[in-house]
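These protein sequence lines are chains A and B, in that order.
The numbering of the first sequence is our numbering, which starts it at -1 and goes up by one.
The numbering of the second sequence is our numbering, which starts it at 2 and goes up by one.
Be aware that a few hints might be false.
[Unchecked claim] Taking lysine-lysine and the DSBU-like style, the derived pairs with C-alpha atoms no more than 35 Å apart in a straight line are:
no.: 1; chain 1: B; residue 1: Lys663; chain 2: A; residue 2: Lys136
no.: 2; chain 1: A; residue 1: Lys59; chain 2: B; residue 2: Lys1203
no.: 3; chain 1: B; residue 1: Lys1058; chain 2: A; residue 2: Lys489
no.: 4; chain 1: B; residue 1: Lys156; chain 2: B; residue 2: Lys798
no.: 5; chain 1: A; residue 1: Lys489; chain 2: B; residue 2: Lys72
no.: 6; chain 1: B; residue 1: Lys36; chain 2: B; residue 2: Lys72
no.: 7; chain 1: A; residue 1: Lys136; chain 2: B; residue 2: Lys610
no.: 8; chain 1: A; residue 1: Lys369; chain 2: A; residue 2: Lys383
no.: 9; chain 1: B; residue 1: Lys731; chain 2: B; residue 2: Lys663
no.: 10; chain 1: A; residue 1: Lys124; chain 2: B; residue 2: Lys670
no.: 11; chain 1: B; residue 1: Lys1054; chain 2: A; residue 2: Lys369
no.: 12; chain 1: A; residue 1: Lys383; chain 2: A; residue 2: Lys331
no.: 13; chain 1: B; residue 1: Lys1060; chain 2: B; residue 2: Lys172
no.: 14; chain 1: B; residue 1: Lys36; chain 2: B; residue 2: Lys357
no.: 15; chain 1: B; residue 1: Lys1060; chain 2: A; residue 2: Lys53
no.: 16; chain 1: B; residue 1: Lys487; chain 2: A; residue 2: Lys167
no.: 17; chain 1: B; residue 1: Lys672; chain 2: B; residue 2: Lys858
no.: 18; chain 1: B; residue 1: Lys357; chain 2: A; residue 2: Lys124
no.: 19; chain 1: B; residue 1: Lys1054; chain 2: A; residue 2: Lys432
no.: 20; chain 1: B; residue 1: Lys610; chain 2: A; residue 2: Lys369
no.: 21; chain 1: A; residue 1: Lys105; chain 2: A; residue 2: Lys53
no.: 22; chain 1: B; residue 1: Lys116; chain 2: B; residue 2: Lys809
no.: 23; chain 1: A; residue 1: Lys124; chain 2: B; residue 2: Lys727
no.: 24; chain 1: B; residue 1: Lys817; chain 2: B; residue 2: Lys171
no.: 25; chain 1: B; residue 1: Lys72; chain 2: B; residue 2: Lys727
no.: 26; chain 1: A; residue 1: Lys59; chain 2: B; residue 2: Lys1101
no.: 27; chain 1: B; residue 1: Lys487; chain 2: A; residue 2: Lys383
no.: 28; chain 1: B; residue 1: Lys487; chain 2: A; residue 2: Lys369
no.: 29; chain 1: B; residue 1: Lys1203; chain 2: A; residue 2: Lys369
no.: 30; chain 1: A; residue 1: Lys167; chain 2: B; residue 2: Lys858
no.: 31; chain 1: A; residue 1: Lys489; chain 2: A; residue 2: Lys383
no.: 32; chain 1: B; residue 1: Lys36; chain 2: A; residue 2: Lys481
no.: 33; chain 1: B; residue 1: Lys727; chain 2: B; residue 2: Lys670
no.: 34; chain 1: B; residue 1: Lys494; chain 2: B; residue 2: Lys656
Simulated from the structure, these hints should not be mistaken for lab results.
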Amino acid sequence: MDVRAQVTTVFHLDKCIGCHTCSIACKNIWTDREGTEYMWWNNVETKPGTGYPTKWEDQSKYNGGWERTKNGKLRLKSTSKKSIPFNIFHNPNLPTLDDYYEPWTYKYEDLFNAPEQSSQVTAMPKSLITGEIIEHIKSGPNWDDDLSGSPIYAENDPNLSAVSDDIRKQMFAVERLAFFYFPRICNHCLNPACVASCPSGALYKRGEDGIVLLNQERCRAWRSCISACPYKKTYYNWSTGKSEKCILCFPRIESGQAPACMHSCVGRIRYIGMTLYDADRIVEVANLDDNQLAEGMRSLILDPRDPEVIEAAQRNGVHDSVIEAAQNSPSYKFIKTWKLALPPHPEFRTLPMLWYVPPLSPVLASLDTGKVSNSTDELFESVEKFRMPISYLANLLSGGNEGLIRYSLKKMLAVRMLQRHKTVGDIERGTVDKMLKEADTTEREATEIYRLTSLATFDERFSIPPAHREEAIESVGVVQEHKASAGFGFKFAPRRGL
Amino acid sequence: MSNEKVTAATWIQDLVEPETRSWEEFYRNRWQYDKKVRSTHGVNCTGSCTWEIHVKDGIVTWELQGLDYPKLDPSLPPYEPRGCQRGISFSWYLYSPIRVKYPYIRGALLDNWKKYRKQHADPVDAWAALMADPESRARYQRARGKGGFRRSTWKTVNEIMAAANIYTAKKWGPDRVTGFSPIPAMSMLSYAAGSRFLQLFGGVNLSFYDWYCDLPPASPEIWGEQTDVNESADWFNAKMLAVMGSNLNMTRTPDCHFAAEARHNGTKMVVLAPDFNQVAKYADEWIALNAGQDGAFWMAVNHVILSEFHVKRTVPMFMDYQRRFTDCPFLVEVSEDGPGRLLRANTIERYKNVEKGEWKFLVWDDETGDVKMPKGTAGFRWQSEKGQWNLECKDGLDNSEYTPALSFLDNCSVVVQVAFDDYTRETQYKRGVPVKRIKTLQGEKTVATIYDVLMAQYGANRGLDGEYPRNYDDADAPFTPAWQEKWTGIDRKDVIKFAREWASTAEHTGGKCTVIIGAGINHWYHNNLIYRSAIHSMMFCGCIGKNGGGMAHYVGQEKLAPAAPWGAIAFAQDWIGAPRLQNAPSWHYVHSDQWRYEREFTEYAAGPKKHTDLNSGHTMDVQTKAVRMGWLPWFPQYDKNSIELVKEAEAAGCKTDDEIVKWVVQQLKDKKIRYTVEDPDAQEAWPRVWYIWRGNALQASAKGQEFFFRHYLGTTDNAIAPEVAKGHVKETVFREAVTGKMDLVVDINFRMDTSALYSDIVLPTATWYEKADLNSTDMHSFIHPLSEAVPPCWESKSDWDIFKGICKHTGEMAKKHLPGEVREIWSAPLLHDTPAEVSQPEVKDWALGECDPIPGKTMPNMRVITHNFEQLYDRYCSFGPKVRAGGLHAHGVDYQIADFYDEWIEHKPVHEFEGKKYPSLESAVDACEAVLYFSSECNGELAYRAFEDQEKKTGLVMTDLGADSRSVRFGYKDLQSQPRRLLTSPVWSAITNGGRAYSPFTMNVEKMLPWRTLTGRQHYYLDHEGYIDNGEQVPTYKPSPLPKNYGDLSVSKADGKTKMLNYLTPHGKWHIHSTYGDTLRMMTLSRGCEPFWMNDHDAKELDIIDNDFVEVHNDNGVVVVRCVVSARIPRGVCIIYHSPERTLGVPKSPLRGYTRAGAHNSLTRVRLKPVLMMGGYGQFTFYFNYWGPTGVNRDTHILVRKLEKLVY
């Protein structure tokens, strides 16, 4: 047992309102500079939809993530370090500007400066790359928001491949029409393809918290990380000539604060907490069959109250306070205890450590009489009658394992039934007990789920482990001196060739 | 290293040496900042979120939400974080290229000004000369919107504005100087700055809440209340949530989680919407009804609720609630023609001598078998003896207790077949109503209970004769579940199921059903009827005045919590006490000449066939009647200068103020003076100077924008609508159309929006991170500060300081032109919450000789008022003596403040002039402190006092609600340190003690405190004669106006492949109105524009594919924009989310000869619903932003086609 610590995130998709506040919190602080305009370390997608960069999930297009070899080993799909030098000027798996978008702005200044003319003044869009006027903007980082352009976008969602043709057609008719939001940041994977792919060794996973970082001094612009990451969460900065990615706001985490995107999540969907996992089993788990991967990943996460785990963690230098943080981790509950949260596209085999609670959705309708009807006798409809097909969710969140999706949705429904019973009383106790049992839960667990889902305060949603910076600084210098000298020095803006 | 060896384990073991991680400071340095300052955004989003503004190197670098809201009840989810994608983008504006950094002036105006200024040493003379030169005036008017701005100085622009103010007051009257600034609650002192200047000057404030169509007229109709709603935390208490016309994640972004979280607490959530909108995403059921047909759905829901929970079986709580808290037991006269007026107490022998007996109403006592006169009605409120205005079931004459009868079903004299209108088939049906014959002083009268009338109207079958529905499947009989199918497209089974779940949930929980509703409903022509039917579903089930129950209407940030002191400052009640407050819908409809483009409203509005003065004709004529009856305000008042009128009266021998008023009344009667509304295009009627601040009056707020451009501004427009009113207006002069009524348009702004682009002068204002102010909302119960994170950037100033400067310069010019005390005649309509609401028991028009003109009773209030223009600046800076003497007032609650006023002078900043000291309002911080210090919401002693006042008026125990917080005070600095929760105060209707969530009318229900209505109860029934004439005395369904009659497409031609679609403009995701929509952030996350959304099949038929440019047009104007094609939009409708600017990347229109196309408001033209103009009667009495017609725009239709040629 090789116990390591990982800051692990859970996004509750049933609560996500698709507002993108997270995206801008991030952008304001980290990617508002020249060269980073198109970077959205945090973005929010409408599902079904093609996402950003467009169709990122389609690995037949991008070749991201890992694949299993015949002899049971793992191999990067995109490239090997050996092959990179041969593709110096052309990396065939990189998204192009068309897959992203051409960042633009407007000639706002014309509104002040234009001389008097015969028609009303207008400020034209212009490219942030070339400065040229753009008469017809053709793409953006959130182009298919709220199911926009469904015939072109939503219908081309790669996750729909698992959904039957019939249902697929229905999903764009009134009876079945539905969508939900899918916010994304770097998954800070346990088996990160980006780290594995970097010829310069610029990418690494921090020992103390598992955050994956891209060293801005060592990066040599190979861009192999961009190809290798199946989630397309590393980006190339054309101004500095370095790649950059989500840093999970480590300067905030180190000072006990939630990452900016999570701090600002006004849907209150985000949870973060420490988990302990067994690094010895990574290869084994990453080699499982697609529909076994999600459960395999759960098994990697260890019980932080198990004395053996604690001892092994301590042996590995995990600080006691970090173990304590793991014991209070809301993520652990959602993922491991309650089995509500699932990993995005585990079949990419990077073992992502951002998990998602799948969304409930409205009941299916019929058009029998020419009139729209949702009618059944039920107060809350069973999961099979939800508009969002389980097969779709399974393709997104469980490597095609529909049972895991059903399990999660049923449990959420049981929680709602129990709370309805308690607060209204129009559902019989017997019915509730039956539901709880079928959903593999108890009143006590359901109540806890309700509390963490609905009532959780900031401190309950975010259990940020202590960073012990004094120990980190001590390993390179004298902490007392650091106290006296931190912040002194000259600042140099990053430039290409740094 | 071979590829095969690249295994996971390799990487995990690769712990990086600490030394190699020193580079991490690259990102650590970015995160460092110098300070955090608390502020918020003043943008009419209702969010009112607390933000931490981060400052680094003296520059605002980013903002993040504050998380430190005090907790409410621990069983509720907390209020953190609050803030959305738009708010968090605000810092972009501060240093952006769209920031207004300096004063700007239109070059064509400046050149002309310079020319005349050279000729005249006196600036007022120079302005007069420029105004007298029609060529020069038209020259700069034509240039509006078309560029040619020049950077100017504060000195120059202040001189021009002051000269225009003084010239206008002298030449035309001060009520030709007008200001528009919306929604004070979002930055209340910035609003107060401009309005204080205007009201000290005698100018006019335009309303906004009704103009925006945010005002739900059903709220004053039913509750006598502008709007009072649950704070969002109270959604969590609801056990059934119906969401309609309100897209929570788009428009209630920071509150939406409460709905999501309620669901996990067992709440059922149903969304009613024509499109699969964003909130439908987490509904349990999406009821995909046809656009605008929600009223039909709710009428049928009520039919089911009454049939099953009031008739087949009765729920005791529901019945008890009807008796005590609604007008159900009140007696109404009925005849075969229909239900009529309430039975008055003074018509009965026993009560004939009671004071205000016309305004006291009667119920039937089941115990004694006789009529009783409940307390709590309007007559008890306004009679001389106080203490009887309450909801106790006691007779007002002898205090005897009674049990009000809800129905005469079991003991009626006879069953009368009463006629009810069916507006869908344009016919009447007769339904039996059990009645009693009652002896009155005017002979025997036939009366029914309102409850029985409702049963008949809703068609609840109780075995009575008449055209009652046979059963739920009777599709011909209103208002059955089968009947509604053809309007809503929703299966009857769904309606029945919904109604059962609704009533059953209310029964199980004591009324925890909530409707969350918004502009998606409120903007339809018949919005009041739709709202009433939805509210009735909650009244029938006892849900109003309960935590977790109620009509949660969220359209606009109307709730200004510290209303009393703020109102005194904003409307100069402390010095003048005679504000000029104009309802904007009427003002714009008339002055921007939109009335000229329509004929009789009966062409498009469903109504009874029998026509009367109040239900037919041209809207303009009802408007004119409403002005002279004192129902609605009107400015400019008269076709003569109100200053000159006083002089004329004195010349005619009038000595006292009374004599002057009498003289003016006689002149009006003799038609020697006219209300300008009667001849609105005469030059005496034009508004002349227009100040716009904190709003986008010429874009987001310009319904009928192209008509604004034509008639106000005199610049290019895109309207092709024909003028058709001639011959159809009877009381209005139709003269040749006028273009360019406005002499001067000033816009105060931090960004170059459309209003700024079209204004003559643009003044740079401080942003929300650069000034002190206050912000409150109905979405939560806290009050927030705006703060200076950095000083006002470049040459900008706070609104408070800008208007202080305007006061100073205008005052100085007054020394020569309008010196000393200046008197003028002031006129204002009959007001709600004053005795005037019991002034017109019947509609009698003095102008038609039906009664005498009596100011304040049969016509508007009139008074002689005195200004001192020289003292404008000093008065602006001082909290004046009138409040010390007279106390403060809001929502019918009064309290005295003299001791606090004196204490302030002793200990806090003062402004001194003419040897006297006053509490200082010199700085915005002073003004914030004054608002907090003198308010009953932030000063516990004043809350206690306000409760004492209520005790006197009602005879109820009230002060217990204020006893625990008597010593609480909080000031501006306290708000900066942490959000503070407002105290329970009788100015508002909820009890929030002990962390309870704010739910409106809980104070009424729990304390037996009357609503401010005719009966003091919630009104199902509306017996104003105008309502009876319009068939809206009872709840009903009226179909939407048909496009062929509505007049938006009378001359527009389908050119090429074209489709007609219903044009919807709900609130969008990437902007709050127009703000944020022009930021790079929001433009990037959307599509670089606010697109035109249409259905995929509709698009296919027009050969349109996603992201094509389309040309959208009707008689009113044209839009050219890219489209989004999506299956989530139903066929037959389209959406442009309110409200894009027309400043960014807007192409020209081929259909309009390649002029620049407009934005969403280019396609609108406003119609006013005349029934909402009624007044002088109980809750149908005017109050600013409270009552009056609303600016509906949802019934508009457009034509769309693919753009043939893209030209910029």
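**Report entry** Numbered hints the structure breaks, given as an ascending list
**Finding:** Hints 1, 3, 5, 7, 10, 13, 14, 18, 19, 23, 25, 30, 31, 34 not satisfied by this model.
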